[in-house]
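**Student:** Position 239 (the sequence shown) corresponds to 238 in numbering that gives the first Met the number 0; numbering is contiguous.
The hints are simulated quantities; they were obtained by calculation from the structure and are not laboratory data.
One or more hints might be untrue.
Once the Cα atoms are required to be at most 35 Å apart in a straight line, the calculated DSBU-like pairs of lysine-lysine come out as [said to hold, decoys possible]:
no., residue 1, residue 2
1, Lys125, Lys43
2, Lys94, Lys40
3, Lys40, Lys24
4, Lys40, Lys239
Cβ-Cβ distance ranges computed for the label pairs, FRET-style [stated by the list, open to error]:
no., residue 1, residue 2, range
5, Thr33, Glu5, 17 to 25 Å
6, Val254, Leu193, 25 to 33 Å
7, Ile4, Gln275, 34 to 42 Å
8, Gly113, Ser168, 48 to 56 Å
9, Gly26, Thr305, 38 to 46 Å
10, Gly118, Lys171, 54 to 62 Å
11, Ser103, Leu208, 30 to 38 Å
12, Thr33, Lys171, 20 to 28 Å
13, Ile206, Gly461, 47 to 55 Å
14, Gln336, Glu480, 21 to 29 Å
15, Ala302, Lys94, 39 to 47 Å
For every residue, glycine included, the Cβ atom is placed at its ideal position computed from N, Cα and C.
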Amino acid sequence: MDAEIESIQKNETWSLMELPAGTKKIGVKWIYKTKLNETGKVDKFKARLVAKGYAQQHGVEYTEVFAPVERMDTVRMIIALAAKKGWPIYQLDVKSAFLHGELSEELFVEQPRGYEQKGNEHKVYKLHKALYGLKQAPRAWFSRIEAYFTHEGFQKCISEQTLFVKLTSGGKILIVSIYVDDLIFTGDNEEMMLEFKQSMMKVFDMIDLGRTRFFLGIEVLQHSNGIFICQRKYILEVLKRFGMEESNAIMNPIVPGCKTDTVGEGNRIDDTYYKQIVGSLMYITTTRPDIMFGASFISRFMANPTEGHLQVAKRILRYLKGTINYGIYYKKNEDKQLIAYTDSDYAGDITDRKSTSGYVFMLSGGAVSWASKKQPIVTLSTTEAEFVVAAACACQAVWMRRILEKLNHEQRGCTILMCDNSSTIKLSRNPIMHGRNKHIDVRFHFLRELTRDKIIELMHCGSHDQVANLLTKPVKLQTFENLRGQMGVFVIPDVN
């Protein structure tokens with residue numbers, strides 16, 4: 000608590016004064032947390048002074064509050080690119096990040112308990128900079144760090160607001176990605192990275208964490224042949240939380256042939272408990288695309304879960320129990336071209352007859368982006384179902400190409416989308432088979448325009464090599480293990 004107050008005063012966050020007439024003060028409270036490191040041991044005990052932002056009035060004490068947060072797709076693309084080129088990834092942590100954000104509104108807070116100034120207990124603090132808990136604190140912080148990067152000659156990526164890139168006339172590059180108060184940066188010049196780190200530590204109160212080891216709950220293992228990411232620690236925590244740490248391990252997350260009408264048996268269960276399991280599994284999909292279909296599948300039943308749905312969810316946890324050490328491995332000197340696999344399970348949902356879309360993007364030998372979700376419309380044929388998911392995949396490809404171009408890794412030529420439906424490939428090139436596609440929504444025909452402009456090209460692949468199959472339906476064990484390996488999901492490699 001003393002360190003927190005010292006940090007606030009050092010940063011000139013507030014000044015003591017009388018409360019002006021006609022204004023109100025905002026309350027504050029202390030929040031305590033025990034911070035653990037990647038091995039689960041106590042790192043430090045932390046106290047944070049937080050403003051009671053829920054008492055703020057919109058239009059008076061705050062207006063805009065939005066602050067961008069980076070997508071995990073971007074983080075994985077940066078890691079894959081660094082692995083391919085053999086670049087090290089470093090990490091910085093901003094101490095009391097929100098205290099650096101400058102406020103434009105007049106705000107007053109009460110003196111924190113235990114730190115009232117004797118003789119001036121009736122006075123309040125006028126805030127000059129943001130305090131944790133204020134509605135506008137995240138936006139104020141991001142505006143501050145964005146202004147710093149602009150001043151230092153970085154260019155902000157229009158397609159990803161939290162990505163900043165600095166290119167020198169000599170062709171050297173420095174890439175910085177921000178997630179609130181955590182920064183990762185990489186590049187091809189150690190001197191540039193050292194200068195950047197020193198500059199940041201002069202302007203902000205930073206902790207140099209060295210080479211990235213643990214970022215947003217993701218374990219990052221860097222070595223000479225590539226970079227491996229996994230979530231061992233988090234998976235163990237989830238298994239313990241839901242009482243599954245002693246369960247029997249299994250080899251695949253969902254029983255092959257499992258359908259929606261066969262899992263909803265039994266009595267209704269506590270939906271809060273069920274939602275907690277689904278939410279935990281969804282976060283694990285950050286590094287485990289092999290459970291993406293299972294996590295998406297059980298999320299369909301959160302409104303009215305039954306014992307049958309819970310059994311499916313617990314089966315995924317049992318699968319994780321046997322594959323704790325698995326993650327994505329991005330290899331050095333792998334293919335530099337972005338390639339995608341797209342597939343659908345026609346009318347896979349027995350209840351509403353909607354199809355399931357699935358796609359995955361590969362870079363540096365591992366998956367960098369993936370999705371598995373029910374389609375928004377009921378399709379009338381396999382061709383239409385495949386066409387709909389290919390259009391969604393193409394939109395993602397356009398965004399990813401822009402990000403890679405900003406990272407000085409421009410994709411030359413078309414981005415290949417591997418599809419196992421010949422009719423969809425023909426339909427993407429020419430408006431043939433009019434009777435089957437005349438009713439398709441205009442937004443899905445965006446795919447044709449991208450194909451015509453040679454940005455996207457659909458190519459045929461056999462079903463046994465269709466990696467996206469893993470994201471659309473439960474498959475047999477041998478097929479599952481084969482496609483999982485093609486997706487770049489392996490056990491932790493031996494780095495010695």
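**Student:** Against which earlier hints does the structure fall short, listed by number upward?
**Tutor:** Violated hints (numbers, rising): 3, 6, 12; every other hint is consistent with the structure.
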